[in-house]
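Participant: Here are the chains, one letter per residue:
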Amino acid sequence: MRSHKPFVPVFYLLLLAALLLSACTPAPAAPVEPQKETVVVEKEVIVTQEVEKLVTPTQAPTGPVTIQFWHTFNVDVETKFLEEVLIPAFEAAHPDIKVEQVQVPYDQFRRKLLTAMAGGTAPDLIRADIIWVPEFADMGALAALDEVMPDFETYKEAVFPGPLSTNYYNGHYYGLPLDTNTRVLVYNEDMFAAAGIEAPPATMDEFLAACEKIKALGDDKYCFADGGAYAWAVNPWIWSFGGDVTDPEITKASDYLNGAGSQAAYEFLKNLIDQGYMHPGILGGGVDAWGGFASDQIAMLLEGPWFPPLFGSQFPDKGYGLAMMPAGSGGSISVVGGEDIVMFTQSQHKEAAAEFIRFMLSQETQLQLATVGQMPVLTSTSDTPEIQDHDFFGIFLQQLETAKARTPHPNWPKIEETYTNAGAAYLAGEMTFEEALGTAAQTIDGLLAPR
Amino acid sequence: METRMLQSAETLATPKRRKLSSMRKRQIRAAFLFILPGLLLFLVFNLYPLIKSFQISFYEWSIMPGRASTFVGLDNYLRAFQDPIARLSFRNTLLYTLITVPGQMTLAMLAALLLNQLGRGRGVYRLLYYLPVITSWVIVALLFRYMFQSPNGFINYLLVDVLQVVEKPIGWLQSAKTANIPIWVLGTWKGIGWSMVIFLAGLTTIPNDLYEAAAIDGAGSWHRFWHITLPLLRPTVVFTLVVLLIGGLNVFLPVVLVTNGGPLQQTEVILSYMYHQAFDFLDFGYGSAMSFMMAVFIIVLSFIQIRFFRQPEEIR
Amino acid sequence: MVQFASRRKLLSFMYYLLATLGAAVMILPFVWMVSTSFKEHAFVIEFPPRLIPANPTLSNFEQAWTANNFQLYFRNSLLVAVTSTLLVVLLSAMMAYAFARFEFPGKELIFFIILLVLFVPNLIGIIPQFLLAKTLNLRNSLIGLVFFYVSGSIPFNTFLLRGFFEALPKELEEAVLIDGGSYFTIFSRMVLPLSKPALATVAIFSFLGFWDEYVQSLTFIDDPLKRTLPVAIASFHGQHGTEWGLVFAASLIAIVPVVLVYISLQRYFTGGLTTGAFKG
Numbered sequence: 001m002r003s004h005k006p007f008v009p010v011f012y013l014l015l016l017a018a019l020l021l022s023a024c025t026p027a028p029a030a031p032v033e034p035q036k037e038t039v040v041v042e043k044e045v046i047v048t049q050e051v052e053k054l055v056t057p058t059q060a061p062t063g064p065v066t067i068q069f070w071h072t073f074n075v076d077v078e079t080k081f082l083e084e085v086l087i088p089a090f091e092a093a094h095p096d097i098k099v100e101q102v103q104v105p106y107d108q109f110r111r112k113l114l115t116a117m118a119g120g121t122a123p124d125l126i127r128a129d130i131i132w133v134p135e136f137a138d139m140g141a142l143a144a145l146d147e148v149m150p151d152f153e154t155y156k157e158a159v160f161p162g163p164l165s166t167n168y169y170n171g172h173y174y175g176l177p178l179d180t181n182t183r184v185l186v187y188n189e190d191m192f193a194a195a196g197i198e199a200p201p202a203t204m205d206e207f208l209a210a211c212e213k214i215k216a217l218g219d220d221k222y223c224f225a226d227g228g229a230y231a232w233a234v235n236p237w238i239w240s241f242g243g244d245v246t247d248p249e250i251t252k253a254s255d256y257l258n259g260a261g262s263q264a265a266y267e268f269l270k271n272l273i274d275q276g277y278m279h280p281g282i283l284g285g286g287v288d289a290w291g292g293f294a295s296d297q298i299a300m301l302l303e304g305p306w307f308p309p310l311f312g313s314q315f316p317d318k319g320y321g322l323a324m325m326p327a328g329s330g331g332s333i334s335v336v337g338g339e340d341i342v343m344f345t346q347s348q349h350k351e352a353a354a355e356f357i358r359f360m361l362s363q364e365t366q367l368q369l370a371t372v373g374q375m376p377v378l379t380s381t382s383d384t385p386e387i388q389d390h391d392f393f394g395i396f397l398q399q400l401e402t403a404k405a406r407t408p409h410p411n412w413p414k415i416e417e418t419y420t421n422a423g424a425a426y427l428a429g430e431m432t433f434e435e436a437l438g439t440a441a442q443t444i445d446g447l448l449a450p451r
Numbered sequence: 001m002e003t004r005m006l007q008s009a010e011t012l013a014t015p016k017r018r019k020l021s022s023m024r025k026r027q028i029r030a031a032f033l034f035i036l037p038g039l040l041l042f043l044v045f046n047l048y049p050l051i052k053s054f055q056i057s058f059y060e061w062s063i064m065p066g067r068a069s070t071f072v073g074l075d076n077y078l079r080a081f082q083d084p085i086a087r088l089s090f091r092n093t094l095l096y097t098l099i100t101v102p103g104q105m106t107l108a109m110l111a112a113l114l115l116n117q118l119g120r121g122r123g124v125y126r127l128l129y130y131l132p133v134i135t136s137w138v139i140v141a142l143l144f145r146y147m148f149q150s151p152n153g154f155i156n157y158l159l160v161d162v163l164q165v166v167e168k169p170i171g172w173l174q175s176a177k178t179a180n181i182p183i184w185v186l187g188t189w190k191g192i193g194w195s196m197v198i199f200l201a202g203l204t205t206i207p208n209d210l211y212e213a214a215a216i217d218g219a220g221s222w223h224r225f226w227h228i229t230l231p232l233l234r235p236t237v238v239f240t241l242v243v244l245l246i247g248g249l250n251v252f253l254p255v256v257l258v259t260n261g262g263p264l265q266q267t268e269v270i271l272s273y274m275y276h277q278a279f280d281f282l283d284f285g286y287g288s289a290m291s292f293m294m295a296v297f298i299i300v301l302s303f304i305q306i307r308f309f310r311q312p313e314e315i316r
Numbered sequence: 001m002v003q004f005a006s007r008r009k010l011l012s013f014m015y016y017l018l019a020t021l022g023a024a025v026m027i028l029p030f031v032w033m034v035s036t037s038f039k040e041h042a043f044v045i046e047f048p049p050r051l052i053p054a055n056p057t058l059s060n061f062e063q064a065w066t067a068n069n070f071q072l073y074f075r076n077s078l079l080v081a082v083t084s085t086l087l088v089v090l091l092s093a094m095m096a097y098a099f100a101r102f103e104f105p106g107k108e109l110i111f112f113i114i115l116l117v118l119f120v121p122n123l124i125g126i127i128p129q130f131l132l133a134k135t136l137n138l139r140n141s142l143i144g145l146v147f148f149y150v151s152g153s154i155p156f157n158t159f160l161l162r163g164f165f166e167a168l169p170k171e172l173e174e175a176v177l178i179d180g181g182s183y184f185t186i187f188s189r190m191v192l193p194l195s196k197p198a199l200a201t202v203a204i205f206s207f208l209g210f211w212d213e214y215v216q217s218l219t220f221i222d223d224p225l226k227r228t229l230p231v232a233i234a235s236f237h238g239q240h241g242t243e244w245g246l247v248f249a250a251s252l253i254a255i256v257p258v259v260l261v262y263i264s265l266q267r268y269f270t271g272g273l274t275t276g277a278f279k280g
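Quick mapping for you: the protein sequence lines, in order, are chains B, F and R. Residue numbering for the first sequence follows this note's numbering, starting at 1 and increasing by one per position. Residue numbering for the second sequence follows this note's numbering, starting at 1 and increasing by one per position. Residue numbering for the third sequence follows this note's numbering, starting at 1 and increasing by one per position.
By construction, these hints were calculated from the structure, which means they are not laboratory data. Everything hinted at is true.
Heads up, simulated EDC-like pairs for lysine to aspartate or glutamate below, C-alpha to C-alpha not over 16 Å straight-line:
{"hint": "1", "chain 1": "F", "residue 1": "K177", "chain 2": "B", "residue 2": "E430"}
{"hint": "2", "chain 1": "B", "residue 1": "K414", "chain 2": "F", "residue 2": "D83"}
{"hint": "3", "chain 1": "B", "residue 1": "K213", "chain 2": "B", "residue 2": "D296"}
{"hint": "4", "chain 1": "B", "residue 1": "K112", "chain 2": "R", "residue 2": "D223"}
{"hint": "5", "chain 1": "B", "residue 1": "K112", "chain 2": "F", "residue 2": "D280"}
{"hint": "6", "chain 1": "F", "residue 1": "K25", "chain 2": "R", "residue 2": "E103"}
{"hint": "7", "chain 1": "F", "residue 1": "K168", "chain 2": "B", "residue 2": "D219"}
{"hint": "8", "chain 1": "B", "residue 1": "K414", "chain 2": "B", "residue 2": "D445"}
{"hint": "9", "chain 1": "B", "residue 1": "K414", "chain 2": "F", "residue 2": "D280"}
{"hint": "10", "chain 1": "B", "residue 1": "K414", "chain 2": "F", "residue 2": "D283"}
{"hint": "11", "chain 1": "B", "residue 1": "K404", "chain 2": "B", "residue 2": "D247"}
{"hint": "12", "chain 1": "B", "residue 1": "K318", "chain 2": "B", "residue 2": "D190"}
{"hint": "13", "chain 1": "B", "residue 1": "K213", "chain 2": "B", "residue 2": "E189"}
{"hint": "14", "chain 1": "B", "residue 1": "K215", "chain 2": "B", "residue 2": "D296"}
{"hint": "15", "chain 1": "B", "residue 1": "K215", "chain 2": "B", "residue 2": "D190"}
{"hint": "16", "chain 1": "F", "residue 1": "K168", "chain 2": "B", "residue 2": "D220"}
{"hint": "17", "chain 1": "B", "residue 1": "K98", "chain 2": "B", "residue 2": "E355"}
{"hint": "18", "chain 1": "B", "residue 1": "K414", "chain 2": "B", "residue 2": "D138"}
{"hint": "19", "chain 1": "B", "residue 1": "K213", "chain 2": "B", "residue 2": "D190"}
{"hint": "20", "chain 1": "B", "residue 1": "K98", "chain 2": "B", "residue 2": "E83"}
{"hint": "21", "chain 1": "B", "residue 1": "K318", "chain 2": "B", "residue 2": "D296"}
{"hint": "22", "chain 1": "B", "residue 1": "K80", "chain 2": "B", "residue 2": "E100"}
{"hint": "23", "chain 1": "R", "residue 1": "K170", "chain 2": "R", "residue 2": "E103"}
{"hint": "24", "chain 1": "B", "residue 1": "K215", "chain 2": "B", "residue 2": "D274"}
{"hint": "25", "chain 1": "F", "residue 1": "K168", "chain 2": "B", "residue 2": "D274"}
{"hint": "26", "chain 1": "R", "residue 1": "K226", "chain 2": "B", "residue 2": "E100"}
{"hint": "27", "chain 1": "B", "residue 1": "K252", "chain 2": "B", "residue 2": "E416"}
{"hint": "28", "chain 1": "B", "residue 1": "K270", "chain 2": "B", "residue 2": "E434"}
{"hint": "29", "chain 1": "B", "residue 1": "K156", "chain 2": "B", "residue 2": "D146"}
{"hint": "30", "chain 1": "B", "residue 1": "K213", "chain 2": "B", "residue 2": "E198"}
{"hint": "31", "chain 1": "B", "residue 1": "K404", "chain 2": "B", "residue 2": "D129"}
Start from the sequences, fold in the hints, and give me the full structure.
Facilitator: Here is the structure:
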């Protein structure tokens with residue numbers, strides 16, 4: 001509408017382009033920082049592994065170095081302990097190392113870590129959920145501890161083999177276990193008494209019988225609750241009913257995830273929902289499980305060893321008992337959880353970071369962590385009075401003897417999302433079992449296939 | 001308008017021309033000094049990332065330092081067309097917009113008309129209605145999750161025990177059919193105050209004698225609203241509509257914070273699904289492609305709107 | 001006449017009644033928040049809700065204010081939001097003025113691009129923004145947040161203010177110019193003071209947006225000492241059990257600055273919202 005010399009906009013477009021291009025140029029790197037730019041290449045070009053191996057050599061510490069340690073310890077009990085007891089003890093013993101601890105809520109942790117890695121600002125160490133390790137290792141983000149720590153063998157021998165194996169990926173160990181755990185049945189003593197249930201259910205039949213009695217207490221009373229249809233929640237049922245998610249070699253899910261045992265487990269869970277025994281929060285929206293348990297709306301939960309200290313601090317007057325996961329045709333099989341401590345290739349203080357790993361795996365630290373509900377991973381701790389006479393570790397240790405681990409695979413997040421969604425669709429009655437889990441198994445087959 | 005003035009000035013007497021052109025130069029210099037700081041920030045921190053994101057959408061982009069990104073052409077875009085969840089999130093985005101925008105505007109208009117009738121205490125009421133706008137999304141989302149819990153949530157308590165309109169508690173967040181409702185209610189509730197404040201300001205500028213004249217002519221209140229208020233408020237309403245539509249199509253936080261896309265990813269919207277793909281699966285190329293498809297859609301829609309709503313002489 | 005007056009009274013009563021009912025619905029969640037925040041050790045939100053807690057206590061407010069670096073987060077948020085608001089008002093006003101008053105090459109194009117970006121969701125750029133922040137060493141930096149906040153809201157505010165400035169009479173400005181004044185004198189001595197309502201409006205909307213911003217802050221900041229309030233409050237919501245009284249007390253404290261900004265600037269609202277872009 002307005003008169004303009006035609007070249008003027010063109011000129012400005014060029015100027016704009018120039019400005020943008022100059023903005024694209026990376027700023028000169030800080031001297032110490034390894035310069036690792038994202039490389040854009042055409043499809044055909046083969047990228048050699050060289051690019052990845054650009055690891056900064058660990059510098060000899062001059063003056064105190066600071067290492068960053070990210071973790072998902074709960075705020076109220078565990079983080080406090082780390083901050084007030086463990087780190088001061090470590091720093092007192094190592095005056096040249098400072099530890100900066102960063103607590104990140106569990107559901108934000110993976111996202112935050114991935115962005116930090118992308119930004120080249122990953123922490124030196126993290127306490128990682130055991131299920132994340134293969135994925136991070138596959139990305140090339142983790143330092144192989146068997147190469148970085150000369151005394152790795154010593155630690156490898158000192159820890160339980162099960163938790164250790166969660167650090168193994170493609171011929172290397174990328175971390176060391178820090179704690180281990182599993183889920184056991186927690187039951188509400190008041191509700192059990194009111195319903196006239198004498199002992200915690202040991203089998204699936206007893207579990208159903210207990211649920212019937214609980215339901216008789218009232219329509220808004222639930223026998224059991226869990227937060228969703230994800231692996232942590234459904235796997236114990238799948239295994240206890242004799243099913244599995246994949247074959248033992250982790251090459252396929254078909255005939256396992258949709259096999260007879262898994263089907264029995266899902267059908268059992270669906271029946272719990274349809275009967276009103278299971279809190280419907282498992283279908284979506286989650287559930288305030290601890291609040292419901294404390295206010296006598298929920299009679300049973302599956303919980304880990306963090307439950308007694310933390311629940312006790314929130315609801316000191318509530319009585320509960322611990323029991324084994326009810327046994328089905330496959331036995332009483334729960335899910336192995338726990339955390340590993342892993343080091344990042346981006347770390348510039350690998351020596352100092354390794355020192356902190358050694359500290360966290362010392363018998364003293366491991367036993368101290370046991371006081372806040374972290375189960376030790378050192379074999380040597382088993383015979384100590386702290387563990388032998390521990391208030392509640394006994395049942396967890398017993399459950400751990402048969403507990404199984406979730407599928408260790410770099411594609412785990414997608415695998416889990418696939419069967420979480422499928423399971424929820426079946427449990428909500430939107431699909432038949434074969435429609436939902438059969439299709440999911442096929443999708444997972446594809447995710448398991450070597451790339 | 002400025003140009004027109006200058007142009008007409010230029011055709012005037014020649015002696016003035018020299019002075020004018022020096023003034024023009026001066027103006028250009030001043031203009032660039034005025035826009036430079038803002039423009040620079042805008043270019044570097046806003047436009048450049050968008051263009052970069054556009055580039056990323058053609059790659060299987062690796063954000064890990066040292067890993068190669070592969071050029072895949074339009075693959076990411078094609079994938080979005082075949083991905084049922086992507087289609088669903090597109091549908092949910094549209095639904096959110098089609099439900100919350102008219103909802104906000106109607107309720108905001110009602111509230112504005114009502115508050116405009118008040119004498120004393122109008123400011124207090126305005127603040128009360130504005131409170132949801134100024135409260136953090138994080139907090140109100142937590143609250144809404146709690147209110148819509150089932151079976152023992154506040155909304156179910158209202159419906160079943162107080163109003164007795166339904167027999168059994170509704171599993172709001174547990175079923176794909178109902179899980180969008182808390183998101184819509186939250187989006188509407190949190191936005192009413194913003195539009196209301198703008199409408200209310202607009203209403204105060206309408207001279208009272210217009211209404212009085214209409215009242216003398218025997219016009220009812222509906223008639224007055226339809227024939228006096230609305231036409232006079234039209235530009236304000238159009239502006240609000242455009243802003244809300246953009247906001248509605250960009251919906252992200254209410255979804256992420258209330259349902260996080262669940263159950264079964266049935267409540268995902270484009271931006272939440274993009275964020276999920278990008279930050280949970282590191283699939284930045286796919287995420288970027290989806291968000292650009294959305295952006296193109298929004299831009300086209302906005303231009304159609306502007307064409308449609310503005311008087312011809314207002315189009316620039 | 002008497003009848004008419006009482007009818008008006010009745011009508012006015014009805015209006016107040018309706019407005020109060022509406023307000024009740026709007027603030028219902030707050031009432032719930034407020035009442036919970038006065039309950040000690042509230043790990044469960046009471047159901048059905050009880051408005052007046054049995055043993056009201058201020059301990060949650062005390063605890064929220066003193067614990068978990070809350071004051072630090074509060075200061076961080078305040079610093080970022082205030083700086084960004086001042087900057088964005090100034091820079092947008094300058095840009096808007098140039099677009100409203102000056103004729104310069106490329107004007108249409110630049111404005112068109114700004115308008116285009118206004119329509120595009122900000123979130124799309126978050127990945128490159130993140131990489132940019134890393135390159136420019138702006139990760140874990142509150143200043144970095146300011147840059148992103150300001151640049152992100154320049155398009156909308158420039159668009160708003162341009163409309164407002166166009167509506168200002170320009171005869172006076174021309175007079176100043178002929179008397180030898182510079183454009184900057186006009187801008188700072190005449191335009192800005194005349195535009196207080198519009199600037200206040202922009203300031204309120206911007207401050208609120210910055211104060212509440214969640215995603216960018218969450219994505220760009222790792223250092224727990226640099227967290228802003230929304231991120232901090234979100235992290236109070238624990239994986240296993242949440243002390244609701246504490247969370248709500250913290251959120252209520254967090255609302256105070258926004259309410260103050262709103263109250264202190266609201267007298268400009270009517271003026272700012274009835275001119276310029278709001279009028280179309």
